[in-house]
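Student: Mapping of the sequence shown onto my numbering: residues 1 to 163, in sequence order.
No lab work stands behind these hints: they were computed from the structure. Be a bit skeptical, because a hint or two may be false.
Unchecked claim - Here are the simulated distance ranges between beta carbons:
| # | residue 1 | residue 2 | range |
| --- | --- | --- | --- |
| 1 | LYS97 | GLN69 | 18 to 28 Å |
| 2 | THR86 | ARG158 | 20 to 30 Å |
| 3 | VAL142 | LYS84 | 28 to 38 Å |
| 4 | ARG93 | SER136 | 21 to 31 Å |
| 5 | LYS84 | SER42 | 15 to 25 Å |
| 6 | SER136 | GLY107 | 41 to 51 Å |
| 7 | THR68 | VAL106 | 17 to 27 Å |
| 8 | GLN36 | GLY107 | 46 to 56 Å |
| 9 | ARG93 | LEU157 | 33 to 43 Å |
| 10 | VAL106 | TYR44 | 39 to 49 Å |
| 11 | ALA130 | ARG93 | 19 to 29 Å |
Note that the Cβ used here is the ideal one computed from N, Cα and C, for glycine as well.
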Amino acid sequence: MRDGTTGESTMLLSYTATPKATTQEPFLAVLRELAQAYHAFSAYSAAHVRQLGLTPAQFDVIATLGNTQGMPLTQLAQKTLITKGTLTGIIDRLDEKGLVRREVPVGDRRSFRAVLTPEGEVIFSRVFPAHIAYLSRVFANVDAGDLEQVRRTLRALRSRFQE
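Whenever a hint applies, use it, and build me the whole structure from the sequences.
Tutor: As structure tokens, this is what we get:
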């Protein structure tokens with residue numbers, strides 16, 4: 001759930017309404033920073049992706065399918081973190097634009113693979129490098145060791161939440 005004025009997760013904001021001893025938990029400040037960093041990244045990234053003529057979700061699908069032979073909807077949903085229901089609509093719109101097609105695997109007519117069309121591959125080869133270059137400007141002055149430490153810490157946190 002989002003707070004319409006700040007974009008912060010209302011779940012994190014609600015922690016400030018708990019007793020003082022609880023609000024002093026050090027991890028709450030970390031969660032707040034993590035949520036705010038992700039929100040800032042999302043806004044920064046989405047603005048550029050829209051300039052490239054795609055929605056963020058469309059970009060995610062094209063970037064995930066690029067340089068692959070396509071993939072089943074279930075796998076694409078897992079990789080993009082988009083629900084299968086929402087993903088179906090995104091695939092429909094990309095299909096209408098001629099960027100993605102559905103392929104029905106031989107012997108399994110109940111499912112399909114999403115595959116970039118030749119036009120989709122052209123879009124991928126244009127927008128993916130442009131977006132990586134755009135994002136790399138933010139990270140240009142961040143030490144590689146610091147990035148690796150953040151990655152390890154985030155991976156460890158994710159692991160603990162998934163236990």
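Student: Next, verify each hint and record whether it holds.
Tutor: Each hint tested on the structure:
1. LYS97 <-> GLN69: 18 to 28 Å: Since the Cβ atoms of LYS97 and GLN69 sit about 20 Å apart, the hinted range of 18 to 28 Å holds.
2. THR86 <-> ARG158: 20 to 30 Å: For THR86 and ARG158 the Cβ distance comes to about 22 Å; the hint holds.
3. VAL142 <-> LYS84: 28 to 38 Å: At 35 Å between Cβs, range holds.
4. ARG93 <-> SER136: 21 to 31 Å: Cβ of ARG93 to Cβ of SER136: about 28 Å, so the range 21 to 31 Å holds.
5. LYS84 <-> SER42: 15 to 25 Å: Cβ of LYS84 to Cβ of SER42: about 21 Å, so the range 15 to 25 Å holds.
6. SER136 <-> GLY107: 41 to 51 Å: holds, 43 Å
7. THR68 <-> VAL106: 17 to 27 Å: holds, 19 Å
8. GLN36 <-> GLY107: 46 to 56 Å: About 48 Å separates the Cβ atoms of GLN36 and GLY107, which means 46 to 56 Å holds.
9. ARG93 <-> LEU157: 33 to 43 Å: holds, 34 Å
10. VAL106 <-> TYR44: 39 to 49 Å: At 43 Å between Cβs, range holds.
11. ALA130 <-> ARG93: 19 to 29 Å: holds, 21 Å
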